[in-house]
Amino acid sequence: MASVVIYTRQFCGYCSAAKKLLETKGIDFVEHDATNAPEIRQEMIKRANGGSTFPQIFINDIHVGGCDDLHALERAGKLDGMLAA
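Throughout, the numbering used here is defined as the position within the sequence shown, counted from one, plus 187.
Some clues are possibly wrong.
Claimed, not checked - Computed list of lysine-lysine pairs in DSS-like fashion (alpha-carbon distance at most 25 Å, straight line): (1) K206 / K233; (2) K212 / K265; (3) K265 / K207; (4) K206 / K265.
Hint data in this document are derived by calculation from the structure and do not stem from the laboratory.
All chains, please: the whole structure from these sequences, using the hints.
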């Protein structure tokens, strides 16, 4: 099973949608809530090569982007393969 990390903030609809997709697939993930933690947000931006919107998602240390990118992988039939790796 893949290692999934997601950087989120509270009251973020995109964050909720991304987590819901992962949860419906039965995927465990590590969530870093940056709501009141600027140091976590800076870590996310650095790790995401400047990506500053929420969420930012990593599968096996590969930056896949945000919620729209995660759903695009699902629509393209590529997400399950990444998650199974």
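Results for each hint:
{"no.": "1", "hint": "K206 / K233", "result": "22 Å, holds"}
{"no.": "2", "hint": "K212 / K265", "result": "13 Å, holds"}
{"no.": "3", "hint": "K265 / K207", "result": "17 Å, holds"}
{"no.": "4", "hint": "K206 / K265", "result": "17 Å, holds"}
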